[in-house]
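A.B. asks: Below, each chain spelled out in residue letters.
There are 4 protein chains.
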Amino acid sequence: MIVVIKDDATEAQIDGFIRNLEDRGVFAKAIKGESKTVFGLVGDVSSLSPEGLARNEFIDKVMKVSEPYKLSSRSFHPDDTVIDLPGGKKIGGGNFAVMAGPCSVESEEQILSIATDVKRSGATMLRGGAFKPRSSPYSFQGLGLDGLDLLKIARQKTGLGIVTEIMSTDYIDVFEKEVDVIQVGARNMQNFTLLKEVGRLGKPVLLKRGPSSTIEELLMAADYVLVGGKAQVILCERGIRTFETATRNTLDLSAVPVLKKRTHLPVVVDPSHGTGYWNLVYPMALAATAAGADGLIIEVHNQPAQALCDGQQSITPQLFDDLMKSLGKIREAISTIEYTL
Amino acid sequence: MIVVIKDDATEAQIDGFIRNLEDRGVFAKAIKGESKTVFGLVGDVSSLSPEGLARNEFIDKVMKVSEPYKLSSRSFHPDDTVIDLPGGKKIGGGNFAVMAGPCSVESEEQILSIATDVKRSGATMLRGGAFKPRSSPYSFQGLGLDGLDLLKIARQKTGLGIVTEIMSTDYIDVFEKEVDVIQVGARNMQNFTLLKEVGRLGKPVLLKRGPSSTIEELLMAADYVLVGGKAQVILCERGIRTFETATRNTLDLSAVPVLKKRTHLPVVVDPSHGTGYWNLVYPMALAATAAGADGLIIEVHNQPAQALCDGQQSITPQLFDDLMKSLGKIREAISTIEYTL
Amino acid sequence: MIVVIKDDATEAQIDGFIRNLEDRGVFAKAIKGESKTVFGLVGDVSSLSPEGLARNEFIDKVMKVSEPYKLSSRSFHPDDTVIDLPGGKKIGGGNFAVMAGPCSVESEEQILSIATDVKRSGATMLRGGAFKPRSSPYSFQGLGLDGLDLLKIARQKTGLGIVTEIMSTDYIDVFEKEVDVIQVGARNMQNFTLLKEVGRLGKPVLLKRGPSSTIEELLMAADYVLVGGKAQVILCERGIRTFETATRNTLDLSAVPVLKKRTHLPVVVDPSHGTGYWNLVYPMALAATAAGADGLIIEVHNQPAQALCDGQQSITPQLFDDLMKSLGKIREAISTIEYTL
Amino acid sequence: MIVVIKDDATEAQIDGFIRNLEDRGVFAKAIKGESKTVFGLVGDVSSLSPEGLARNEFIDKVMKVSEPYKLSSRSFHPDDTVIDLPGGKKIGGGNFAVMAGPCSVESEEQILSIATDVKRSGATMLRGGAFKPRSSPYSFQGLGLDGLDLLKIARQKTGLGIVTEIMSTDYIDVFEKEVDVIQVGARNMQNFTLLKEVGRLGKPVLLKRGPSSTIEELLMAADYVLVGGKAQVILCERGIRTFETATRNTLDLSAVPVLKKRTHLPVVVDPSHGTGYWNLVYPMALAATAAGADGLIIEVHNQPAQALCDGQQSITPQLFDDLMKSLGKIREAISTIEYTL
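One line per chain: the protein sequences are A, B, C and D, in this order. Mapping of the first sequence onto numbering that gives the first Met the number 0: position 116 corresponds to residue 115, and the numbering continues sequentially without gaps. Mapping of the second sequence onto numbering that gives the first Met the number 0: position 149 corresponds to residue 148, and the numbering continues sequentially without gaps. Mapping of the third sequence onto numbering that gives the first Met the number 0: position 44 corresponds to residue 43, and the numbering continues sequentially without gaps. Mapping of the fourth sequence onto numbering that gives the first Met the number 0: position 159 corresponds to residue 158, and the numbering continues sequentially without gaps.
Everything labelled a hint here was simulated from the structure, so no lab data went into it. Keep in mind that this is a model prediction, so the values were computed, not measured. Treat the hints with caution; some may be incorrect.
Unchecked claim - Among the chain D residues that face chain B by a calculated CB cut under 8 Å, a handful are:
no.	residue
1	ILE214
2	GLU243
3	LEU250
4	MET283
5	ALA286
6	ILE329
7	THR335
As the list claims (entries may be wrong) - Quick look at which bits of chain C chain A covers, simulated, 3 or more residues with Cβ under 8 Å:
no.	stretch
8	211 to 218
9	235 to 245
10	248 to 259
11	274 to 287
12	325 to 337
Built from N, CA and C at the ideal position, the CB exists for glycine as well.
One chain only, chain A, in its complex shape:
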């Protein structure tokens, strides 16, 4: 930690500050510049709160030197984490996974039809919402446990593993038993109670970045899951909130290489929520793949105009099939390209 001292600090203030730190096992090493004095704090700084330090009147500012996340950091775990998915599939470390399916499970016919189609096109897993977080209490809230049952039927028929969102710790046992990859949605990225609970299960967790969360906060949220010791985490970039209204969110594709450099965890991109419009899903799926993502999560609906949610950003099974072929071409090109982050 670096502490910048104000120009008008007295010697008494500084001496008291240094002694106070020494009592806590922290040593302040001074660097005197022409206009500013700066201290580097060495020792066990874990007990220090930068905000508390900054509250001292003679301190100008406090700057952190180290990353605030640990278990998710590549400096803690240099190699890519590779996560096993159902059906012998993997994600991470060069393994690319596509999760596809409707925003929400609506009926057996719907989910079976879509699951069969995306399986045929080469999807790795089936996505589909049973519990739906909707901004309005008057919108369709999902089929709940009935939706989960329909996903299980679809899994049985197609062999695709299922990824679906958990909204409450109330259903933690059901999700542990029935779901292959547990999704924590963007709005719950900092629902720390939920993060800790899913971290106690032995299941991969798909953690979506909150629409106003920094990359650093996403990695701290991943740490909340990882401290549980049993779960693995897949990170998901799904767009951040900005002033631009031409898209539902601003898909932050630079987050992909930034994350790949900082963390060993697999990174997937959601171009459906990231853009909000079906016709932007295709080019942004290609772009995400070229940017180095480990996978994609894409909303596919057989009748988007009738979808109970997110129809505007869902592509048809036909377009998904075409997209999968195109993704293959980009993946092939990318496979011959190497660069250092």
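Once you have looked at the hints, place chains B, C and D on chain A.
C.D. replies: The following block gives chains B, C and D in isolation, referenced to the frame of chain A:
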């Protein structure tokens, strides 16, 4: 709902669209301009999804005419809601309330000392965190139920009602029994499971705006609480996330008059989180009051530089006492001023 | 234009409103819904100010139906604009162009060395700043006209056309005479005086999106250039300002397909300013290409650590050479992929 | 400047780095922590580019210790700058100024009527646009020099000084001769050519914050004006661009105390552009005053619904008169309140 048709839409598409709507009890009335055709949809549009409609290829865009929130809307409930607080205090409808106390409860000495001080200065309620949502799992997470016990002791000694944050539905019974105003924090503003649960209790809920939530989304979140039928809601502006780094958040004070116009619910402002720096709390508390807020929630700590959290944005009891006097002067000036929103 | 009337508007107000419009040649066609009355305005609405209309007390809101840009719109000019560049090169309509070079021209040795290198690697044009817009008046401001002279020498030696930024109408004649593509920088995207002036020259203009400008505003700015009647415009996405601090800006790659759909103008991406870090330039250049960009503008410096500006985001000629080969592979893959926007 | 070294840096890299700095008269003093080594750079660091340093592979990050602005800094000039305005008025150092008038000058009747009204209500100066920066080239662009002539007539009749926006260096002589306070608009805050030119005139400059500019950038822009040596600067907060759509911009009132602490320059607030809605102007004018602003700039129009621009955010002369009385009450309350920033 207004539907704008694309220039190259065919008559067959439009006819099909109209008939399809009529089957659902919705009538499309056309307005033909020189370059664009527009339909106004009349009838029971509640079953229509604007996003689904927009998915039709011949539709350019869909615009909503009505507000998406109901129970919190002033058109639903024209008069200000006035909420009873402990000790015969009120908030809303001209009643101003100040909630003050530390970011987190740290010890009996600490909370009793602060509670006694803020009570003497005229605070309406005592705030203090028992369960703390922290971005990092390695930061102090609050004393939990022990913290709640200390708050109860402080309430007993001072007579101040207590407001504290709920982070999980697991503690819903304890909060119902022990807490006077239940706070739902900014990170949980769209934790819909939690919103529904607290809405079933007969307690006032202090609902903080999420750092990237629009005012419209805040009101929809309030509706999630209000549909429970028993709770009352106090809204809290606490800063939104922007590119500016000179403050922790950007305190959106315009949200105060916007909310006062749109909703009957009381609106309080949190200048501590809203700015992140203790020396900005004072002027922004004055400004929030002048903007028409129904109250304030302010972090006060007797030893801010040693605080286990948020020391940088906490003011001392001495400064709080001075601030309360100044707020009185602004309140007095404001009491003679009238304007229409 | 759509006008939504407030619930409590009187008949007299509405009648007066309709008559007033009729006097101006505009006809208001009513659609009465259950809770709201809406008017569609037909006729010559160009004289109406939506903001002025909204000022009427009985009007709830005014919604625009048409796009506010014209000359840059694809509905005005359905085919891709193809722009001729020096050396028989083109951009747009399937022609891909890479503009490469240093942030600022520093010396003859520097610019010649870099120009020779990027030419050999296949760059289409040489970029380099002579006049530099710097946030601080104490930073290096560019070599000015001397820098322009050095660019001309580099053009003569390599045959590469030059693109450089104009900061003031004072130099309009020099730029007309000497520069191949005139860049209007992000900070000047709404310097309307400058836009009008460059629009009177018969030169292609590279118009960079302002860091807080919407796509719609970018297209209106393009219209400012195009109304001059002589210039052609290349649009450039170079990152927008958001709360994320891991990158200098947030590169909004979704803007590429959004722009390709809305406008006939070529769209290039600047991954150097868009990310701010040299190691992110490579993956984001690949991603931009996969997203459908018509070209790239990339900062290349032979000694980035000694660069007088933007060293942190500049790549070396060696890395640029490798990147050009990789871009070729992505271009090849993309050439076989077709999708509808 | 603080340089954080990567964990895997070699001794050779570090030695080379230190020697290289010493050649430039800069000394690197090391602080070795348990996990990180940090250098504080002492000496003449003005020739160093932090971005360039950060480009070295063995460097993790570079952190600046000093503020990047100088002439506008309070550490450079501790006392408040007080600026003389026409008619013996002042702004700064406890002097409060209200600039009022229409968005744009439309006719002699209009500007005379409004000027007379705002003068009577106590306005300090008359604002009014002659040259108008409009997002669309198809919108009314102002009366230009004719508008300036009308402002002069209004000045002569009312005695109010005039503040109006300069959009181009072409008119620098006219503005020097005719205008009392020269406004540089938000879109031109980083039009550095213009800033330098107006800084050469002996006139006060009203510098508006760009909608996506940080406070630090605003102060650097002020330095661009101040290095000219003759002009004085009044800073203006007028709202920043965020995701919130309920207001035209998000008025960042915290910027007022932040600026008052960092700079000696007067700070005014524009609640008209800052909110975009006439009914929000009143409460936000009160709030800005309570936050410690040195003045306000407010759009007033005698027929807002017919205004050629910005009618939606203009208040009537009647409302302005009422507001001035209310501002007096807040000013009176504030005059008895003291706090430390």
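A.B. asks: Does each hint fit the structure? Answer for all of them.
C.D. replies: Okay, the hints, checked on the actual structure:
1. ILE214: Interface hint status for D/ILE214: holds (5 Å vs cutoff 8 Å).
2. GLU243: Holds. Min distance 6 Å.
3. LEU250: holds (5 Å)
4. MET283: holds (6 Å)
5. ALA286: holds (4 Å)
6. ILE329: Where the cut-off is 8 Å and the nearest Cβ of chain B is about 5 Å from D/ILE329, the hint holds.
7. THR335: holds (6 Å)
8. 211 to 218: holds (count 4)
9. 235 to 245: holds (count 6)
10. 248 to 259: holds (count 9)
11. 274 to 287: It holds, with 9 qualifying residues against the three required.
12. 325 to 337: With 8 residues in contact (Cβ-Cβ under 8 Å with chain A), the coverage given for the stretch 325 to 337 of chain C holds.
The structure is consistent with each of the numbered hints, conforming to all of them.
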